[in-house]
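Student: Chain by chain, the residues run as shown.
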Amino acid sequence: MAIHVNEAAELLMFVALIAASVVVVRYTRRRVKELPEEDKKMGRPLYAYAVGTAFMGLASLANFVAATQLESGSLEYRLGVVYSYAILTLLAPTLISMAALIVLGRTHFIVPVLSASLAIGVLWVARWLGNPLEVRDAAGDVSSVLYIPAVLLFGYILVKARKPTSLGLLFLVISYPLYRLTIWPLSLGPLNLSITVVGLRLLAPAIVAVAFYFRDIGISFELFAYAICYALVAVYLSSIIATPIGDLIQETSLTLVVLAATLGWSTAAYTYGKWRKSRSRPTLALVLFFALSAWSYVLDVMWTIGVLPDIRWYYASVYLSMISLMFFNLSAFFALEWKAPVLLPVAVIVPGILYMSTAYPQDPHLLPYFAVMMALTGTVQLVIPLVLYLYLWQRMRKALLPAASKPLLLAMGAVVLFLAMMTASGISNPIAGVLIFAAYTAWWLAVSGWAEGFTKWWYARTAKPKAPLGGL
Amino acid sequence: MDGLLLKVIGLIKMVYVINEAGETLASITLGDFHADDALFGGFMSAIDMFSQKMAGDAIKELVLGSDRVVVSREGTYLLVTIHDKADTDSQAANRRVCQAFRTQFAGLVTDETIQAIRQAALGSESALSKADIWASKML
Chain A
1 MAIHVNEAAE
11 LLMFVALIAA
21 SVVVVRYTRR
31 RVKELPEEDK
41 KMGRPLYAYA
51 VGTAFMGLAS
61 LANFVAATQL
71 ESGSLEYRLG
81 VVYSYAILTL
91 LAPTLISMAA
101 LIVLGRTHFI
111 VPVLSASLAI
121 GVLWVARWLG
131 NPLEVRDAAG
141 DVSSVLYIPA
151 VLLFGYILVK
161 ARKPTSLGLL
171 FLVISYPLYR
181 LTIWPLSLGP
191 LNLSITVVGL
201 RLLAPAIVAV
211 AFYFRDIGIS
221 FELFAYAICY
231 ALVAVYLSSI
241 IATPIGDLIQ
251 ETSLTLVVLA
261 ATLGWSTAAY
271 TYGKWRKSRS
281 RPTLALVLFF
291 ALSAWSYVLD
301 VMWTIGVLPD
311 IRWYYASVYL
321 SMISLMFFNL
331 SAFFALEWKA
341 PVLLPVAVIV
351 PGILYMSTAY
361 PQDPHLLPYF
371 AVMMALTGTV
381 QLVIPLVLYL
391 YLWQRMRKAL
401 LPAASKPLLL
411 AMGAVVLFLA
421 MMTASGISNP
431 IAGVLIFAAY
441 TAWWLAVSGW
451 AEGFTKWWYA
461 RTAKPKAPLG
471 GL
Chain B
1001 MDGLLLKVIG
1011 LIKMVYVINE
1021 AGETLASITL
1031 GDFHADDALF
1041 GGFMSAIDMF
1051 SQKMAGDAIK
1061 ELVLGSDRVV
1071 VSREGTYLLV
1081 TIHDKADTDS
1091 QAANRRVCQA
1101 FRTQFAGLVT
1111 DETIQAIRQA
1121 ALGSESALSK
1131 ADIWASKML
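Just so you know, the sequences run in chain order A and B.
FYI, my numbering numbers position 210 of the first sequence as 210, with every residue one higher than the one before it.
Here my numbering runs 1000 ahead of the position in the second sequence, where the first position is 1.
Among the hints, a few may not be true.
As the list claims (entries may be wrong) - Below 30 angstroms or equal to it, Euclidean Cα-Cα: the simulated BS3-like pairs (lysine-lysine) are:
| # | chain 1 | residue 1 | chain 2 | residue 2 |
| --- | --- | --- | --- | --- |
| 1 | A | Lys33 | B | Lys1013 |
| 2 | B | Lys1060 | A | Lys339 |
| 3 | A | Lys163 | B | Lys1130 |
| 4 | A | Lys163 | B | Lys1085 |
| 5 | A | Lys40 | B | Lys1060 |
| 6 | A | Lys40 | B | Lys1085 |
| 7 | B | Lys1137 | A | Lys33 |
| 8 | B | Lys1130 | A | Lys277 |
| 9 | A | Lys160 | B | Lys1137 |
| 10 | B | Lys1137 | A | Lys277 |
| 11 | B | Lys1137 | A | Lys339 |
| 12 | B | Lys1085 | A | Lys160 |
What the hints contain is simulated information worked out from the structure, not anything from laboratory work.
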């Protein structure tokens, strides 16, 4: 039966929350080992938090199963699933509140406070016993209220500590009450923004996992970008679970495009880390290219599968695509240190954007020569960096620089993306899906330094000694 | 029950500063604990020496009837704090006193030293300062 995207997202929440719980436990074990004997008990709150997170995950799984079974299956089975969800969803904030009480040194409050919380929860839910839908909603409402003390404490800790780990702890406990509070009002507005709330909720466990896994990441673009990688795939998969496309070929193609966008985001995060150290302009231009182009593809996919059906999302996707390629062009000019023609990439996109805007709010495909205009703009936007990066590659290759593989792979990515643009039916065509994924893989290999490492290894393996060995 | 525990946790009844000869340099009364200062100093010093010889390690804590005695070493001095047996926060309270002693002691126990110890012993950490300490060590 059909379920809502937010209900389908519960399955992906389960996966992410269990993963986040494991990461927090691993972090705590490592951290506790570094502390002197008398401070080792300070690990207890994080262990309690991790167990609470695992319960949140199990509650999400139960909620997903409940959503798929609400109108089918025997009443006993449906009630069993819903009651399991109610118990788990009340236990999760209870355990997290326990962590908060231990942090505050008020361990003697644990038993009375938690008994009272559970008693209130059970009494509230008990009013609806026998009605699966009402029990589910009542348990969710009480659970979101029970998170409030933990929200206050972890909010205070974030203000004081300003660390990614403290941000993760707060984000996770605040995401559920916010989700419950905003999901329905936002879905009823002029633009259905409920998907963004689902995305933000999926982001929370991913931020916890990233913050506790990478200890030196800081509260930075990288933290959010790596977390968004998971949230993007999770939102897409939730949409597919909620509303299957039915066409396996199209699903495969769109999945490849989403994976390419994820790769684009992780490349943007990695490149941003490089830019923070180097502050070089070509690197910044590449960060913007990867980030914006990834968003462009995500919006395109969401529009194609009908999750974001409004035509404004299609416009946003095309504008982002053109602007992102403008930054790709700029990166090539900056890399060659050619300052004079930097306005050229800006000039290239202006006619296309203006022409497309004349059709708003109608479908721009109705405009005469729209496809030709877009094809021409796309071709110019990809041919310019292709030529420039190939030229740069030639110069670097002659100088025997191992980093020569970077411009070569950036140029190859441009060629492959150009071929993808030339295929019929856009991103729904599996050939386009494969090519877009290949392009982002080439760019990831270029930027991550993997190709450079391979080139160095290859030079070391194939270079012949200039003098015979033992010729001294 | 909870009220009783609240009164007990983090509360120091008595603080002793004892030198290596077993002489009590300072005794600061904060609650209900009665002992002869000279005898107690000699007793703690002897137990500490005995513990080091027999077990190879200094004594850290012992229970005397309904009292918990927490011992820590600052250079050649022993800092002894007396707590209720049910006090689960006694080690942290002792560390607080040691910190105050360390900052205010320059070879002689002065009025300032005693004042600092008294303040540290009376001022139990607030819940939010505990949260600050936790965050600085764990996050």
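Student: Each hint: holds or not?
Tutor: Status of the hints after comparison with the structure:
no. : hint                    : result
1   : Lys33/A with Lys1013/B  : violated, 33 angstroms
2   : Lys1060/B with Lys339/A : violated, 71 angstroms
3   : Lys163/A with Lys1130/B : holds, 17 angstroms
4   : Lys163/A with Lys1085/B : violated, 38 angstroms
5   : Lys40/A with Lys1060/B  : holds, 17 angstroms
6   : Lys40/A with Lys1085/B  : holds, 22 angstroms
7   : Lys1137/B with Lys33/A  : holds, 12 angstroms
8   : Lys1130/B with Lys277/A : violated, 36 angstroms
9   : Lys160/A with Lys1137/B : holds, 13 angstroms
10  : Lys1137/B with Lys277/A : holds, 28 angstroms
11  : Lys1137/B with Lys339/A : violated, 49 angstroms
12  : Lys1085/B with Lys160/A : violated, 34 angstroms
Going through the hint list in order, the structure does not satisfy hints 1, 2, 4, 8, 11 and 12.
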